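> One letter stands for each residue in the lines below.
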Amino acid sequence: MEWTLTEEQEELRRSVRRFFEQKSTSADVRRLMQTDDGYDPAVWSQMAEQLGLQGLALPEEHGGSGFSFVEQAIVLEEMGRSLLCAPYFGSVVLAGTALVESGDDSAQKELLPGIADGTTIASLALAESDGKGDADATTVTARRTNDGYSLSGTKHFVLDGHIANVLLVVARADGGPSLFAVDATASGVQRRLLETIDMTRKLALIELNDAPARLIGAEGDATKIVTRTLQRAAVALAAEQVGAAQRCLDMSVDYAKLRVQFGRPIGSFQAIKHKCADMLLEVESARSAVHYAAWAIAEDTEEVPLVSSVAKAYCSDAFTSAAAENIQIHGGIGFTWEHDAHLYYRRSKSSELLFGTPTEHRDAVAGLLLAAEGK
Amino acid sequence: MTQVTQELTTASDVRREVSAWIEQNFDRGISLREWLVRLADSGWATPTWPTQWWGKGLSSDLAAVAFDEFRKVRAPGPPAGLGRMLAGPTIIAHGSDEQKKKFVHAILVGDDAWCQLFSEPGAGSDLASLQTRAELDGDEYVVNGQKVWTSGAIGADLGMLLARTDVDVPKHRGISYFAFEMDQPGVEVRPLKQITGDAMFAEVFFTDARVPAANVIGEINGGWGVAMTTLMNERVGLGAGSALGFATSVPAGRRVKQQLEQSLGEFIDAGRSGAPASSSASAGAMVGRGVESLIGLSKQLGRGDDANVRQQLARLWTLSNINTWNGMRAKAAAKAGKGLGPEASLGKLMVSHITRLWRDTAMTVTGPSGVLAGKDGPLDGNVARQFLFAPAPSIYGGSDQVQRNIIGERVLGLPKDPDVSRDVAFRDLKVGTQSRGQSPTTEGS
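Taken in order, these protein sequences are the chains called P and B. In terms of numbering that gives the first Met the number 0, the first sequence is residues 0 to 374. In terms of numbering that gives the first Met the number 0, the second sequence is residues 0 to 444.
This is chain B alone, in the form it adopts within the complex (with noise of 0.2 Å):
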């Protein structure tokens, strides 16, 4: 595991032990997995985690210098998909040691890809009523139901399940956590075609599926709190800030196994990366980068001296580098010990008001050709597939609606909206496809 180092304080430490480091590791004629390993167990693949977790409890500043001599020799960084933005950071703070030696490791040197089984079709701002249920058989659980907008079902691993596992108590408080073998018999995943024609996410069905009661991460019907940790890690990388890290990312999972047995020159001569990150990667770096496109586009379509167009292109530049300056903030004040919580909300409100007026800057700046699509449309179609794209940020990783719940409840300290079902038992509640008077207790009076 970690070797104890000295406590790395300065940016000038940070760089000599880095490049230290990478003096001794750094060899194009290693596989990409003992690249990966190496990483992982130095704590470099993941410098802001623990210590003792794979990680150097280093600042995001200091990571950040870390990173940026990774990039120097264009070394390639641990996957950077859903287990390590999302089940790393929860399994550290809410798994056993056991779990974190089983899973962590695993996600860190590409072994397992995971995604993350918690909306349900009647579960998704209102997530503490999901329906799939986790019934207890010896020393398994036996998992029936269905999940939705599984980013990166197929090809994953593992899975982040949130079932529920006693439906006599109220609903926040009857739902575990469980680290979830996909691959298994009673699990089907059917891909979900959206907007763009692209099929991002899957719908995931579970028949008789089952998981060890050794993969409950946290206490059993102690779910809802350790989704938290999850989805307050969602909501800090679909914001700002998240772009920092490797140049590039190895793919991961037992499904591309083999491609970990190339050498780390032949991988980085070849230039591929891993998989996006998630669903937002791409709107994630049209956020930092998208105003230039549109101003150069403007230039070539003749359109800088249109008076809307220059409110418009004013107005992103503006929206983008506010979003960035607010980061910059929030992370300072952040080690200066202010704390970083649910601001975190603000950002990711952010990025949905930014998603949208790029798509609105664009057509004002395209005109008549925004409806070209494809090699025909402008910007090679980007402006057509940023168009379909939009309403997603808006959508996902909880929608703004909930983040704006979330920033005046923990932000501004605004009471609650009442939740009339939040003391009552699961069983009765309407719920989905459960409807009150149809659940068990009374089923038959």
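Chain P on its own, in the form it takes in the complex (with noise of 0.2 Å):
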């Protein structure tokens, strides 16, 4: 692994920051929040078409570039540094990669050259009533029809689920939990906009009562899909954080630099300048579990299921914790609607629990030190 990026590496983050500082405004984010669909279809569209952002980390022989990790971790930094509203990581990030990892040639060759171009949304519908993404705990229940598969039972927290045309649902069959593809206007299908926290970030409740569905991969399949599927998610969700906890950075040392009380700057008090010189060992740390997460998953080494849990539950306890910093350094500004620092304070709440919170992926840490010491 290497431990700097590489030129083109930078060249990739300059270009991606520049396009979300235009197109990802504090103004565009405030803007979509408030609407139903949460992203702007124009937007997306120049994503997929002038950066091919979609389809980076997807497989070249369908309709991606095939870049590695380490690359799509550097754009979903700069996806979480500017906040971005949009799609991409229920549709790129969860139902990609579960396409990826099915190893269903078929199904992907229809379904991930959408993903790559924008034109498909995709969405993983895994977690239930108690938010956990257990896909042997699933209650949705496939039968077999004539054509296909029939499934019924109720989906929560499915990122991006309302806007999707595709829905991957993991359900039970005969043959055990496995991967489902519905087409998510179907007949049986119902969805609903969940009023949550962070209205940056759509979720959905999905009730399925007969829904037609298509197996995806082999009965069975899903745990295996699902646990791989998870660890990449919660890396890629861990470089969101990276990216977010590093603009809360910059807004509370740029904010206390200009901040006059008592006649000074108060960024030069040591209750605010111990207060950002904590936040900067936390970003940094935090960068260095993802950048070597982002390699472990790239290279798919042993380390991928610790070091995975290790980067979602730092990144998850950095950003929190700089969120709420950054409203306390901005003071009663920060706690305003017009002022940003809200937004990050509830983004952070958000990807902090889902898709494992920390205390979930420290016990799985945990477990693997244990299990592993003294073999």
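No lab work stands behind these hints, which were simulated from the structure alone. Don't take each hint at face value.
Negatives, chain B to chain P, calculated, CB over 12 Å [to be verified]: (1) Arg14; (2) Ala19; (3) Pro49; (4) Thr50; (5) Glu68; (6) Glu139; (7) Val141; (8) Gly224; (9) Met231.
Simulated pairs of lysine-lysine, DSS-like, Cα-Cα distance not exceeding 30 Å [unchecked claim]: (10) P:Lys256 with P:Lys22; (11) B:Lys415 with P:Lys256; (12) P:Lys131 with B:Lys298; (13) P:Lys256 with P:Lys348.
One side only, chain B facing chain P, incomplete, derived with CB under 8 Å [stated by the list, open to error]: (14) Ile294; (15) Ser297; (16) Lys298; (17) Gln310; (18) Ala313; (19) Trp316; (20) Asn325; (21) Leu345; (22) Gly407.
Predicted model only: the values in this text are computed from it and were never measured. Beta carbons are placed, not taken as given, at the ideal position from N, Cα and C, and that holds for glycine.
If you follow the hints, you should be able to join the two separate chains into one complex; please do so.
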């Protein structure tokens, strides 16, 4: 692995940042978060056509550009920084990865090119009422029909599920937990946008009543597909968290240099300065965790289960703390609707709680450490 | 001095060059001292130092390759004390050529052990308010005052001494940096017993002690800038990445001169190493290896299912590894010309966190048996020892609060806390035992 980014990777970061600085401004985010769809289709198309972001790390044979997870993480970091409102995480990171991990060539052929060029928005319907992504515990049932399957049950916390064209649903078939593709507009599919603390990230509740479905991979494959998908999603979300936490730090430092009280910039007071120093330590540490985990995924090493959980746990805490400290450093102005601090505060909590809380990930880390030692 | 060699730019060049050198020079029959002389003169003792001053000018990555070769034959390196860590790099950066020849080589071949005479009872975080005076008398300075927290003062031959040489200018501008001979009548060293019961430190008292004017490192009254180099090296040494180096090091100093007469082979077979590099040695070792010991202890005590234990172990593994990764990123950035500077404070701060977290995790794992120490205590008393030691890393070498100031000001560019004493002549300040209105200008008025 490499410990620094290459010139090409730095250039990728610069161009993505430039794009979002123009297309995902505070005003854009505020406009989109108040809409039900929660994204701008024109920007979504430009992301695909001008920058190739949706297809960046998807396989070349299915319309992607075949870059590694290291490049994927760079793009996600910038999306986190700008609080991009778009179905990227649901469609590309979750559904795209699940399809890649399914090894189902015909499903990939059918769905990945659309995901890669942005014309298809897919979503992974995994969690149920407890919010955990445990495929083995699914209560959604899959019944065989003449021309496929029929699914019934309820999926919760479905990221970008309200606008997806295709839902990838984990349900229990005779052969065990399995992954299915459901046309989101089919009969028997009911969707409801959920009210959440983080309006920049849309979640849906999906009810399936004999919804027609097509099996992806084989019956019983979902556990493996979901496990690998969630490890990658954990690091993807951690990358977003790094970008967003860095933005909180930048906002805090800028403000601490400008805001004068008692005749001096507040950043000259140690009470504020030390908060900023601690934020920097945590942000840099979070970046290291993502860097290491992204490389582990890119090289598909044995450490992925361990370091993906390490990254998600650490980066969640780092972002949550940075977002809260950012408000504190801004004082009263940071508590207003007009200031962006609350948007990051909201995002930090949704990112922390989705796809495994820090506590759950640390428990998984401990399990792996205790199992490995003395082997 | 250093031989002229071709520039080494790749790992395989270094590996080849070092193994050829070892082939020629690694002779178990020669004395330990002779081995140190060969290492120093070849530049392999300190390969990251400049080529003209006992180094090879290598990056730390390439130096690691060299150390790797030396470890294969279990070759000991130069003494690992404050001489090599702090005095050498400082004198190379600021000393005259004469001084470099006189002091630096003697460090590398084990002749001189050094200590650091910086902190005083009244000058800790605000080091520039130090009161120890050095007054010119002919071609010597006469030193009076007191230092404290001096690691390795007993057994040190020389000290990096900061003393005040001008009280009529602001505090940062009247300090000089001396290479100070410890073995003289005006110096009294008293061991200082610490929390752990050991005496790693000492107090040092100067009563009309003397130091030649020729031993001023850098400019007279320019000692603050010189001291910054020492402190920078200290932060790096106490943070991540200092573990690189030889497998063992040899003892240093005039008092242990006899030990350098033994043969290289004898020394290696005895498996001995010199004194720990500094007070941080035990903590540093713990940062690297401590998680595994606590995982083992958790299993041994049947605590692996306890939710708190699991959370703590995961946190500790995470911080320890992230600290390593931060270090690797910083090193790679430095290599790519992006510079290493105040970022070293990140590593030092991290070590403080990890040390405390190790302590708390250990106590969570042990429960009541955490009160037991010595041979009765868990991990052969190591849990108790680390509990007692844990407050130290966040104080020594610049406290956590000082590190946060450095990060805030030099990395993030936040404005400095106004120092009301900054532009006031030293004699008019209230520092340590000196009060305003008590200073020489106003006395008797």
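> Now tell me if each hint is right for this structure.
Okay, the hints, checked on the actual structure:
1. Arg14 (chain B), annotated as away from the interface, keeps every beta carbon of chain P farther than 12 Å; the closest lies near 21 Å.
2. The non-interface label for Ala19 (chain B) is consistent with chain P: the shortest C-beta to C-beta separation is roughly 30 Å, beyond 12 Å.
3. The claim that Pro49 (chain B) lies off the interface holds: its Cβ sits roughly 25 Å from the closest Cβ of chain P, which is beyond the 12 Å cut-off.
4. For Thr50 (chain B), the non-interface assignment is confirmed: its Cβ lies about 26 Å from the closest Cβ of chain P, beyond the 12 Å cut-off.
5. Distance check for Glu68 (chain B) against chain P: the nearest CB is about 23 Å away, which clears 12 Å, and the non-interface claim stands.
6. Residue placement check: Glu139 (chain B) keeps its beta carbon more than 12 Å from all beta carbons of chain P (closest about 41 Å).
7. For Val141 (chain B), the condition that its CB be more than 12 Å from all CB atoms of chain P holds, with the nearest at approximately 38 Å.
8. Taking the minimum C-beta to C-beta distance to chain P, about 23 Å, the non-interface status of Gly224 (chain B) holds against the 12 Å cut.
9. Every CB of chain P lies more than 12 Å from the CB of Met231 (chain B), the least distance being 17 Å, so the non-interface label holds.
10. About 28 Å separates the Cα atoms of Lys256 (chain P) and Lys22 (chain P), which keeps this hinted pair within 30 Å; it holds.
11. Simply put, Lys415 (chain B) and Lys256 (chain P) have alpha-carbon atoms about 10 Å apart, close enough for the 30 Å limit, and the pair holds.
12. Our distance criterion of 30 Å between C-alpha atoms is met by Lys131 (chain P) and Lys298 (chain B), whose separation comes to about 28 Å.
13. At most 30 Å may separate the alpha-carbon atoms for a hinted pair to count; Lys256 (chain P) and Lys348 (chain P) meet this at roughly 27 Å.
14. With 8 Å as the threshold, the beta carbon of Ile294 (chain B) comes within range of chain P, its nearest partner Cβ sitting at about 4 Å, so the hint holds.
15. At a threshold of 8 Å, the smallest CB-CB gap from Ser297 (chain B) to chain P is about 7 Å, leaving the interface hint in force.
16. At a threshold of 8 Å, the smallest CB-CB gap from Lys298 (chain B) to chain P is about 6 Å, leaving the interface hint in force.
17. Because the smallest distance between the Cβ of Gln310 (chain B) and any Cβ of chain P comes to about 5 Å, under 8 Å, the interface hint for this residue holds.
18. Residue-level restraint check for Ala313 (chain B) holds (minimum Cβ-Cβ distance to chain P is 4 Å; threshold 8 Å).
19. For Trp316 (chain B), the shortest C-beta to C-beta distance to chain P is roughly 6 Å, which falls under 8 Å, so the interface hint holds.
20. With a cut of 8 Å, the hint placing Asn325 (chain B) at the interface with chain P holds, because the nearest CB-to-CB distance is about 5 Å.
21. Annotation: interface hint on Leu345 (chain B) holds; nearest CB of chain P at approximately 5 Å, less than 8 Å.
22. With 8 Å as the threshold, the beta carbon of Gly407 (chain B) comes within range of chain P, its nearest partner Cβ sitting at about 4 Å, so the hint holds.
Checked against the numbered hints listed earlier, the structure breaks none of them; every hint is satisfied.
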